[in-house]
Every structure is written in structure tokens, then in C-alpha cells.
Amino acid sequence: MLEIAGRSFESRLILGTGGFRNLEVMAEAARESGAELATVAMRRVDPSARGSIVDVLEETGLEILPNTAGCFTARDAVTTAKLAREALGGDGVKLEVIGDDRTLLPDPAELLEAAELLVADGFTVLPYTSDDPVLARRLEDVGCAAVMPLGSPIGSGMGINNAYNLRLIIEAARVPVILDAGIGTASDAALAMETGCDAVLLASAISRAADPPAMARAMRKAVEAGVEARRAGRIPRRHYARASSPEEGLAELERAEPSAPAT
Amino acid sequence: MTMVTINGEPRELPESATVEMAVRELGAPDRGVAVAIDGEVVPRGDWASTRVRDGQQVEVLRAVQGGR
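So the sequence lines, in the order shown, correspond to chains A and B.
Using the numbering used here, you'd call the opening residue of the first sequence number 1 and step up by one each time.
Using the numbering used here, you'd call the opening residue of the second sequence number 1 and step up by one each time.
Read the hints as simulated data drawn from the structure, not as lab findings.
Virtual Cβ for every residue (Gly too), placed ideally from N, Cα, C.
A hint or two may mislead.
[To be verified] If you only want the chain B side, here are some residues facing chain A, beta carbon under 8 Å, derived:
#, residue
1, P10
2, R24
3, G27
4, A48
5, A63
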């Protein structure tokens, strides 16, 4: 059971809704993924747009978590979070403050400032952060309800680039750690859970896959497998082999050399 | 007449127009919409009583597909 700010979720997969061809494919993938929580972005109203993502997610039974994607300053992110609260009525926000166009890496200074302001305003803040253990701790200290370190840059599909830092974040965290960004395929999601993450957030890996609903199913299984493997306790790594069958009772199958005739 | 910018487009609204009228002018849906004027959020409850003034920038937002 995943618990964020007193709320419980059966599924440890959080679905980003970016990149899907259309809302129908998104809804089918959402069902296959088993996710109970989905992120949305806030953008200008387009009166000609057909269908409402809010309606589709509600029909599919997913809870909505707005993000501040596209914001480059604490000020913009705070205003966007407030607009999301007005439009959607919830206190939760997936906080993103980007510091670089090309890598979409977070801006640590703006992120921390925005987190502090939003927590003070009563928001449940889930910040997208770099894989820096010190920044993760600072975000937790200002009252964030979870920390969401990246595995690798958004949409890159590179998986987990710094497993050591991720382990340090997990070891120290007293709030849920949600791997956010970088997952490319099912094994990346399984690895995140095996490493000890409480959940993963992904979209591109599903929405841009050749068959999104099938990849959504794979991700659901990968997350479940990773959680079970973590609980089951993996064997330690060894440098050399360790035989798994007993050495005792091995048959003698080579003919012994005939002894030289006595003279 | 009041000249404002709504979602980046110049628009002409009647004198003493309200936020509510600006939202309607745009053809925005009733549900799931939020408004900021010059970067400040206008709570829904204040739409009918908040005037839009000449030169202001009105942003009308809603949720769309997004995230990862």
C-alpha cells in the first residue's frame, strides 16, 4: 500500500498522461496499468478542443494530480499550482520547476522556494527533484509529502543513471520516494522498486510505446514484480560462481587408469 | 469598450466587463477552468464581481494531458 499524506493507494504506479495519441488510448492504457493516480498539466483553454481529460480520468476511476510542467520560476509554479487548485479543487500538486531547456533538469533553488511557499499555503507538495540526496532532504524538511527524484532526464528512457544516489535518497527519506522520469521499459520500473522506491511515475515509456496498452500491462507487472522481489530479499552478489547442486555423492564416471602390471 | 488580452489574443469587451464575461467570450467550458489576471489568481467566487480593466492580461486555463 502506497501512502501519501494520509491517502492510500493499492497501485504503486502513477501515470503521467502526456504523449498519448488521444484520450481513448490513454484511458485504455490507464486501465491496463492499474494506476489510481494520474498527472495532468495546466494550459490555456482551447475552445475547439474535443473531450475533457478530467472527465475521461474520472470515468476511468483515476484520481487527478495536477503538475506545474513548463514553469521555470518559483513564482510561475506557485501561480500554476493555485490555478490548478481553483480548476480542479484538490490540494495536491506535482511540483516541477525546470532549470534547463535541453535536459529539463529541475532548478534546485527555485524548486525549494516554490515548495516552501506551497506547503505554507496548505498544498500537498510532491516535488520532481534531481537525484541529489541533499536536495531531497531539504525538500522533505520544508514539508513535502514525498520526494520524486529523476532516474534520468524526462522522456530520455535512459532508466536509472545514478543508482547510488537513489539508494542514498531512499535510505534517508521519511516520506515516500517516487521515481519520476527516465523509465524506458519494464525492467527500469522493476529496478526502481527493487532498489526500494515506494512508487514510480511514468508516461512516455507507455504513451510513446508502439502498443501503449500492452506496455501499460508490462509496467504494472514490472512494478509488482519489483516490490515482491524487494520484499523477498535478493541474494548477495558474488564475484565467482557458487554451485547449486551438492558436491557429495558425485558419480565416478571416468574409467580409472589401469595400474601398471607388476614386474 | 475595454481592450484586454485573453489567452494571448487581443479582445474587445464591453465597458465594465467582468471576469465571468471574459470567460464566456472565450467559449471556455463551465467546469475545470481557472483564471489569472496579470499573474494573480481570481477565485471562481469572485468572477462575477471582478471587473476586467483596459490592458489587462487574462489567462484562462484548464487541465490537459501532461506529465512524463
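The hints, checked one at a time:
Interface restraint check: B:P10 against chain A, minimum CB-CB distance 15 Å, threshold 8 Å, status violated. For B:R24, the shortest C-beta to C-beta distance to chain A is roughly 11 Å, which exceeds 8 Å, and the interface hint is violated. Restraint check, B:G27 versus chain A: the minimum CB separation of about 4 Å is within 8 Å; hint holds. For the restraint placing B:A48 at the interface with chain A, the shortest Cβ-Cβ distance is roughly 15 Å, beyond the 8 Å limit, so the hint is violated.
This hint holds: B:A63 has a C-beta 4 Å from the nearest C-beta of chain A, less than the 8 Å allowed.
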